[in-house]
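The primary structure of each chain is shown beneath.
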Amino acid sequence: MFFIQLTLIEMENVNTTAKLILLSLVILPMLSTLALAEENSTGALTVVDDLGRAVSVAQIPQRIVSLSPSNTEILFALGLGDKVVGATKYCNYPPQVKELEEAGKIVIVGGYVDPDIETILSLHPDLVLASRTRSTEAVSLLDKEGTATFVTDPKNLTDIIRSIESIGKITGSEAEASRLCDQMQSRIDAVSEKTSSLSKMRVLYIVWHDPVKTAGAGAFEDELIEKAGGVNIFHDLSSYAQVDPEAIAVRNPEVIIACSGMGSGADGPTQWAKTEKGLNQTDARKNGRIYQAEGDIITRAGPRIVDGLEMVAKFIHPEAF
Amino acid sequence: MAACKRIDLLEQYRQAARRKMLFFLVLTMVIALLAGAAAILGEANLGISDVSCCILARFFPGHYHTTAFTDMIVWDLRLHRILMGIVAGAGLGVSGAVMQGILKNPLASPFTLGISSAASFGAALAIILGAGIAAGSWMVIGNAFAFALLSALAVYLLAKYKGISSETMILAGIAIMYLFSAMTSFLQYAGHSDQVHEVVFWMMGSLGRSSWDRVAMLLAIFVICIPYLISKSWDLNSLAAGDETAQSLGVNVEKTRVIFMMLSSLITASIICFTGTIGFIDLVAPHIARMVIGGDHRFLLPGSALAGALLLLGADTLSRIILAPAILPVGIMTSFLGVPFFVYLFLQRRRTFW
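Sequence lines, in order, name chains A and B.
Position 267 of the first sequence, counted from 1, bears residue number 267 in our numbering, the numbering being contiguous throughout.
To get our numbering, take the position in the second sequence, counting from 1, and add 1000.
If we strip away everything but chain B, and leave its shape as in the complex, we get:
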């Protein structure tokens, strides 16, 4: 009898593991296919052979040949944008999952914690008052980055006074969010109409600002942060069981919460300073992953990364081709794509997923 139950449990575990592996495999393949499609689709009527020859020509210049025009379209316009979609989407997914994990709240995201609105304020400050921590074209980017981190620090300091519990952090985050949105509105009120437009465009979010340098910078930050976060995902799991339980398991709750908060803020800040605020992905990608593969953060973090990458790349590709040559703001597409999928999963599952 006991042996039979053991086998059942093992079988169940294997099934769950297979389910997770299947999720990873399918998502990775879909992302790869989508990236391929995105490299081929576009205004310039390039075929699969044109694009693949063009990509290979950079690696084997002697063997493959391409035209200057194709090279410009593929390398200077399409590829870095596709990679930016994957990298930024993955980063947003992970940071959303981490924040929801440490705050034990399904609504936690860089937006609810004031990070996005602080980044917008930083950008508005550079655009309208011309005041910033960096010079020239880096002023808006530098400001957005600095203010995003600053707001995370402010949330931390506010919460420190009341003890770093998940409730205090969320309340502090919401207070910070309202403060920064009010300050952005004030700057917009004071600004010239051109500047106001610029701030609005910035806040809308777009992958049009991507470039190879920026993709490389994001990758460098992620290569350091994301493996560390995943390696510490046991701590996130124990936090989910409650602060006392985590403490009794030997986790330094406050320290863990602060480190996770700072790393996920760093990831978010580095993304939104290049893309503007792209909402929704950081909130919903973790939920989509959680509904399919469950709440174990060892799998949830990479799962959220894949879901986020798929959502952002898919949304950006659609926003490029649906009304071509016009482009829809990517934030509209992420919601149009993500919400129906989210609702479908939400209705499919009978028990609560959170």
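For reference, chain A alone in the conformation it holds in the complex:
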């Protein structure tokens, strides 16, 4: 304490240039230990990915291949859309992705489970963004070929924000990434603030109706429900599970949120929730509290997960929004 006071007094006495030097001496080492990204004189970047591997690129990547829809969404949100040269056939957002595909600027490299390694390599990417759960084999093959492959594996909202930050670092768009992450965090906080004092509603989330599948602890949907001021009636299950409709009737949800995909059965789950006789006596059905949520928004680990959170919060607590 005494020492700090002394330095402060001393600092007042020395001139401004000396003050600056002193400040930078304190701050620079702090910065370098905090930041995962290290940029040396040649512009090379090294960032640790979600598999704990240090991934290096020689310069800011100019040709990026994305192996999951969420990573594609992140790249476009960071304004790197013009650097994306390859994506999966499931990458459908933002709409420009499809336009760029038609214009031949983005090449489809396959699905996320089975991307075509030859196609990826023929694009000469200087960075491949993969997702752990979906492209494990592709990652080890690309590693062997010496292609810089950065793997994301977010498990919750905090992880998603962190993965956006690290993608920002490895692509040299740190400023954009931190702006985006700040925005996301403040929107999440706003939802928490509005719903924290409200009663916890019992919520059922339906992934699919035939057979009935729901999301348990560990799924993004479970966290969204909780953060939106609800309680997932199947929080005791882990990840995605097939459940007995009778268990739904017994746990009596007050709100039902049904997932809609892009496929033919898009409103199948919603129709089921609205018509299944075995749900007649649930509060959600009696009060007409059955909603439909677009699956892509609430299950993709990208920037739109916050849109998903706001949507779910509006379903659960319409009075607060």
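To be clear, the hints were calculated from the coordinates, so they are not data collected in a lab.
Source: prediction; values computed, not measured.
Each hint should be verified, as a subset may be incorrect.
What the hints assert, rightly or not - Covered stretches of chain B, as calculated for chain A (at least 3 residues, CB under 8 Å): (1) 1040-1054; (2) 1199-1210; (3) 1325-1339.
Stated by the list, open to error - Mimicking SDA-like on lysine to any residue, the simulated pairs with C-alpha atoms at most 20 Å apart in a straight line are: (4) A:89 <-> B:1192; (5) A:277 <-> B:1213; (6) A:213 <-> B:1326; (7) A:200 <-> A:188; (8) A:213 <-> B:1225; (9) A:277 <-> B:1193; (10) A:213 <-> B:1203; (11) A:227 <-> A:310; (12) B:1255 <-> B:1154; (13) A:83 <-> A:176; (14) A:89 <-> B:1196; (15) A:98 <-> B:1193; (16) A:155 <-> A:223; (17) A:83 <-> A:55; (18) A:286 <-> B:1067; (19) A:89 <-> B:1188.
To be verified - If you anchor each label on the Cβ, the simulated ranges turn out as follows: (20) A:280 <-> B:1063: 19 to 29 Å; (21) B:1189 <-> A:102: 41 to 51 Å; (22) B:1016 <-> A:277: 44 to 54 Å; (23) A:231 <-> B:1045: 40 to 50 Å; (24) A:56 <-> B:1107: 53 to 63 Å; (25) A:238 <-> B:1015: 47 to 57 Å; (26) B:1175 <-> A:185: 54 to 64 Å; (27) A:94 <-> B:1129: 24 to 34 Å.
Glycine residues also receive a C-beta, built at the ideal position from the N, C-alpha and C atoms.
Chain A is fixed; fit chain B onto it per the hints.
Same frame as chain A, now just chain B:
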């Protein structure tokens, strides 16, 4: 001496008959008990009196009283599912026994004859391309049904060129099966991930799709088909002795084979369009029955029906309660339950059962 032998034979026959009756009686009782247990077991903590009052309340509304919640659990969620398990299991057992009988092959089943894979293709066509013979929610069901029958017809036409022997029918069936599975894989390759999931779920099979209407529809088909099949079971017996023997006994071999094939396909198609493909029961239920009561089709057909009903109802009940509130796909349970029982019977019997 001769009289003594006569008595022995009669005694043996009576013993065999008693054995068959015992098998029927025990299986019927076990199914009834299991159905009762399945009506009581579940997430909702209902007691025997709650459930029985609730069931009786529908028949005697003045005398018995129940709550809306109990009524929903018992009538809208449990009972039709239990009946579906019994009816579908019985149907699969019978059609498996008939196919094994007409083709004289222990591996014959709706699966090996391409019927299941054709139904899956029909469902995939409706799910991924939205193309089907019926509209709306009936599209998947209608397609599965139509394609299952179509594959049976294709097997028949293919076999007709080479003469309808059991070998040609099985070969034609296997060819059809591979064709339809390849086409399903192609559709899945072309489809969106959501649609692919939907096809996979459909193919897994589940009694979760049951409803009172569907149980009634299945019952209507079975009431017509199964008594006819059982009444013609002498023809199946003579086919088992060989085509020539059957012919010399006055059986029109080709016609019989085609009629049996079509009826068992109709039964299978009507089941799997509502449940998805539930494997194993159609193959193993007839074997279980055959190992206990022998190969006489007059008894084997009803025996296979009972064994199939018991297997499917038991598997579905276990799959509901074992990991509650989560449910295991019923196909996994049928194999877990059926295989050990099958192996036990298989090892118990010294002589060959087929």
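- Report the numbers of all earlier hints that the structure fails to satisfy, in ascending order. 8, 9, 21 and 23
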